[in-house]
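First to last, the sequence lines map onto chains A and B. If you read the first sequence in the numbering used here, its first letter stands for residue 1, the second for the next number, and so on. If you read the second sequence in the numbering used here, its first letter stands for residue 266, the second for the next number, and so on.
Treat the hints with care, since some could be wrong.
Just so you have them, the derived chain B footprint on chain A, three or more residues with Cβ under 8 Å [to be verified]: (1) 110-123; (2) 151-163.
Which bits of chain B does chain A cover? Going by a derived footprint, with three or more residues having C-beta under 8 Å, they are [as the list claims (entries may be wrong)]: (3) 339-351; (4) 405-419; (5) 437-445; (6) 452-461.
Worth flagging that the hints you see were computed from the coordinates, not collected in a lab. This one's a predicted model, so the numbers in the text were calculated from it and none came from an experiment. For each residue, glycine too, the CB sits at the ideal point set by N, CA and C.
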Amino acid sequence: MASSALRRGRTPAVFVVLAALGVALVALPLLGLLLRTPWSRVGEILTSETALTALRLSLVVATTAAAISFVLGLPLAWVLARGSFRGKTFVRALIVLPLVMPPVVAGVGLLAAFGRRSGLVGAWLYEWFGIQLTFTTAAAVLAATFVSFPLAVLVLEAGLRGLDERLEGAASTLGASRWYVLRRVTLPVMGPQIAAALVLSWARALGEFGATITFAGNLQGRTQTLPLAVFERLQTDPEAAFAISMLLIVVAFAVILALRGRFLR
Amino acid sequence: MRRFAVALALVSLVATACLDDGPNAGSGDSASAREEADLTVSAASSLTDAFTEIGQAFEAANPGTAVTFNFGPSDGLAGQIDQGAPVDVFASASPTWMDSVQDDGPGVTDRAVFAQNRLAIIVPVGNPAGIQSLDDLTEDHVQLVLAAEGVPAGDYAREMFREAGISEAALANVVSNEEDVRAVITKLIAGDADAGIGYVTDVTPAVSNRVTVIPIADEVNVIATYPIAVVNGTQEVDLAKGFVDFVLGDGQRTLAEYGFLRPP
C-alpha cells in the first residue's frame, strides 16, 4: 500500500498534463458531436428513408462480413495457433496488415484485385462469367470483410492459444472424433473469444468507409452504408450527419460495454 | 527535447480541435503562430492544376510570400470555412457555396467571377459502352458515375439531365455518387464505370491518355460559374486581395490554358 501511494505521489506533473491532453484528444471530438447533434430532430432523421436504408444495408454488410471473417478466420487461427510451417510469421504479418493499412489503400488494392477491367481476378470474373463486383453490395461486403478479418483471426488465435489442450486431449482419449471434439469441447470453451471475434469484426465492418467508397462506390440502397451516408449528408444536411454519427457512436459504445470483462478488461 | 515535441504536437492538435467550438475554447497560443505573408487558399478540386501554376506565378511575383492550397469539393471547403477554418481566399466551383460562406459563414469581400466551365461526358479509353451522346447515357446497363448531390459538378450534371429531359433514365443508371469529379475520374480510369460527367477541364494532361472526353452540345450544356473572394477575418487582407486580383488578371491566361472559359 505504502509503496503504491508513494508511486502515485511521484507521478511527474508533465505526465499528468500529457495524460489529460490525451484524454481531451479523444473526448473533445465526441463532446463536439454530442453538442452538435440536433436532439429534437434525431428521431425524424434516423427514421428518414435515407437513414433507414443505410442502416439496413449496414446491418446486412457488417453481419455478412463478420460471418465470413469467422468462417474463414477460425481455420486460419487454428493453423496459426497450432500448425507449424515455414513462413508462419510472414502469414501472420500479412493478415494483420489490413489493420494498420490506410483503408483507401485497401480500396485501391481491392480494385486492383477485383476491378472488372484491370483486376487480377475481377477481369477474369467479368470476361468469363459477366460478374462485376464493383458498385455492388457484394463489393461493400468484401471491403468490410477485408478490414475486419484480421481482428477475427487475432482474437480467435489468442483464444486457441489460451485453451487448455488437456480438455481436448481428454475428450479424444474417451473416443470422441476430431469433429466431435471441435463441436462439443473446443468451440464451447472458446465461447467468449468467439463472441469477441464476432462483435469486434462486426463493429469494424460497420465503421468501414475508405475501402468501401473507393472500391464499392456510394449508392443509396446498394453500397451506401451508414458511414457513407454520414459523409454524403455532411454536404447536404450536416444536422443529419451529426445524428447518424451519434447512432454509430452509440453502437460503438454498446460494443465496448458488451466486451467489458470478457475480452477487454 | 523529445518529450517537449510530443507535448507540443498534442497541444496543437487539441487546439485545432477546439477551433470548432468557437474562439474562447482554444487557449493554446502555439496554434495561432502564423508565418508572415503566408496565404491559405481553399479552391475547388477542378482548379487544382490551374491554381497550382497560378500560385507559383504569384509567389514569384511577390517574393517572400508562400501560398498554401487546400483543394477539395466546394461544398466541403465552404463547410470548413463556415466552421472557422483559417482560410484567406475561397474559390468555389459554384455561386451556391460562395453564398454559403457569405451568408452563413464569416462573410466575404472582393467577390468576383473569375472563370466558367462546361460539362462533358467522360468515358474510359476505348469507350466500352460506346457512348456518343447524352442520350446514350440512358441506355440499359450503362454504368454512370456522378459527383454527389451538393457537389457543384453533381448538381450541374443533374440540372443538365433535367433540361435534356433524360433525368429519370439517366439517374437510374447511376452506380455511384462520388466526393468530387476527381473521384469520378478515378472510377473511370479503373474501368469499372462506363461513363461519368465532369468538367471539360478535369481531363488534365495527367489523365488524358486514360479517359476520353465526349463534348456535350452547347444548347443542353450547363455553364458552371466560378466565384472567388477574400474571406472575412483574414490576417492578410492586402495579400489576399492581391491574390484575387492576380487570378482576375495574369491568372486568366493560365486558366484559359487549362480549358476554362473567361468570365462573362
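Hint check results:
Using a Cβ-Cβ cut-off of 8 Å, 5 residues of the segment 110-123 of chain A lie near chain B, which meets the minimum of three, so the contact claim holds. Residue count for the segment 151-163 of chain A with a Cβ under 8 Å from a Cβ of chain B: 0. That is fewer than the three needed, and the coverage hint is violated. For a cut-off of 8 Å, the count of residues in the segment 339-351 of chain B with a CB near a CB of chain A stands at 3, and the three-residue condition holds. Only when three residues or more bring their CB closer than 8 Å to a CB of chain A does the claim for the segment 405-419 of chain B stand; here the count is 6, and the claim holds.
Counting residues of the segment 437-445 of chain B whose beta carbon lies closer than 8 Å to any beta carbon of chain A gives 6, which reaches the threshold of three, so the coverage claim holds. For the segment 452-461 of chain B, the stated coverage by chain A is satisfied: 5 residues place a CB nearer than 8 Å to a CB of that chain, which reaches the threshold of 3.
In summary, the one numbered hint that this structure violates is 2.
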